[in-house]
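Got chain A; can you put chain B with the ligand on it based on the hints?
If you're matching them up, the sequences are chains A and B in order.
First residue of the first sequence? That's 1 in our numbering, and the numbers climb one at a time after it.
First residue of the second sequence? That's 1001 in our numbering, and the numbers climb one at a time after it.
If you're looking for bench data, these hints aren't it; they were derived computationally from the structure.
Since the structure is predicted, the reported quantities are computational estimates derived from the model, not experimental observations.
Cβ atoms here follow ideal geometry from the backbone N, Cα and C, with glycine treated the same way.
Possibly wrong hints are sitting among the right ones.
[To be verified] Coverage of chain B stretches by chain A, computed from C-beta distances (three or more under 8 Å per stretch; other residues unrestricted):
| # | segment |
| --- | --- |
| 1 | 1079–1090 |
| 2 | 1099–1111 |
| 3 | 1126–1135 |
The lines below spell out each chain.
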Amino acid sequence: MVSDRELQDKIINLELELLLEAIQKHYGYDFREYSRAHVKRRVMHYISLNSIPHISELQHRLLNDEHCFKKLLKELSINVTEMFRNPSFYKAVREKVVGILKTYPYIKIWHAGCSTGEEVYSFAILLQEEGLYDRAQIYATDFNGEVIKKAKTGSFSIRNIKDYTSNYQQSGGRESFSDYYHATDNRVIFDKNLSKNIVFAEHNLVTDGVFAEVNMIISRNVLIYFNRELQNKVLNLMDRSLVTGGFLGLGSKETIMFSEISAHYKAIDSKERIYKKTHG
Amino acid sequence: MAERFKYEAIVIGTSAGGLLTLKKMLPALPADFPCPIIVVQHISPQSDGYFIKMLDDICSLQVKEAVDTEQIKSGTIYFASPDYHLLIERDHTITLTMDEKVNYSRPSIDVLFETAAEAYGEKLIGLVLTGANADGASGLLKIKQYGGCTIVQNPEEAENPVMPEKAIRAVIPDHIADINEIVKILVKLCP
Ligand SMILES: C[S@@+](CC[C@H](N)C(=O)[O-])C[C@H]1O[C@@H](n2cnc3c(N)ncnc32)[C@H](O)[C@@H]1O
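Chain A extracted, bound-state conformation:
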């Protein structure tokens, strides 16, 4: 016999399925292959926060009100980020990747899923210290236009600067971190020289095509939000965007191991999830 709770659960899951379908059809954003338990948590959180009685009501509202959709998009795009998050990743890049990038006269780097930009500025600092910045073109993309706007300002809350300074030092930073920004009452604003070679743009890894051909892709803590099939698709997109001999840097819990592209990549630091494309 099916209990009330089981029936209730079934209905919620069906409503969720329909909601994601409606969002895809109406707004073009496709969350159908995101980790479902995660999407469900965020949607349920959103409706309880906004006192919406059930998912069908949410669907009705957001189809009729783009502002409501934008708010849900914010709820679904987890923008948690840090400067020099996992300092050992940056250290490994300095030690194992920079030397090879230095052999190129011109390099292109793509940050996919860059959120509010903390990671992009961190990487810009690394490139500057390694003497690579002036030959670099940096693309930084995210599917959430609001975070791209913020990233462009290069201004971050001063609240976390202590942690960032310590991360920077552990990452192999050579200068005094405070030389890269000036502080106001509650913000730190990064030096314009760090952003002059960065292009920030909206790009959706699930629904858009190849962004550019690049020498290195950094996409950390983005794939974890996708189910395994979608991770595979997005890794294929990244593969098509990466030159042979190029580098792929993922988050510490992400791997290419389960994907089709793994056959022509070699881990140059398996703990830090830095891979090299060995052939096309």
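Positioned in the frame of chain A, the structure of chain B with the ligand alone reads:
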């Protein structure tokens, strides 16, 4: 004849004092213990996971860090990674996320318990051990609401009683017991 009811997974939540307690409890489970176990232990984001290796060495069951998208299998004890939430999908695979902290914690016990309740329903056992905060209490309630079995470590035995006490305030658990007793209950519930 109706098919014999079987539990399909056990979820465990703990913080302060948890490692010592787990070190006492997990090695006592037999090698043929049929249920997978998923553990959230609050731990510093910088932890290198040495304790996983240590536990693997002393347990008959395999102990490992849970990997994003992997299938949960019996014979295995999975630990949540420091600084990531661990969620369970309906198809019994693992999802990791770096969403905001919940109850000041990442990984959060509530996040594990709530998603596990939805994935396993009444075939789930939830267990709250020693700890210094309220994480896990509302998750345990959800396990109960979904018909699962709830167990809480006896606060008097717990190195830190706060987490068991909060859990007992949130639900009337099926069992409140010392660690030795909990091992016996688990073995009995999962033959
Ligand atoms: C947790 S943040 C990671 C930020 C940064 N890379 C880091 O590791 O600190 C994940 C980011 O991925 C973005 N994202 C999610 N789905 C995306 C998609 N389909 N295309 C592009 N960006 C996406 C989110 O908007 C969010 O900013």
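Here is what the structure says about each hint:
{"no.": "1", "hint": "1079–1090", "verdict": "holds (count 6)"}
{"no.": "2", "hint": "1099–1111", "verdict": "holds (count 3)"}
{"no.": "3", "hint": "1126–1135", "verdict": "violated (count 0)"}
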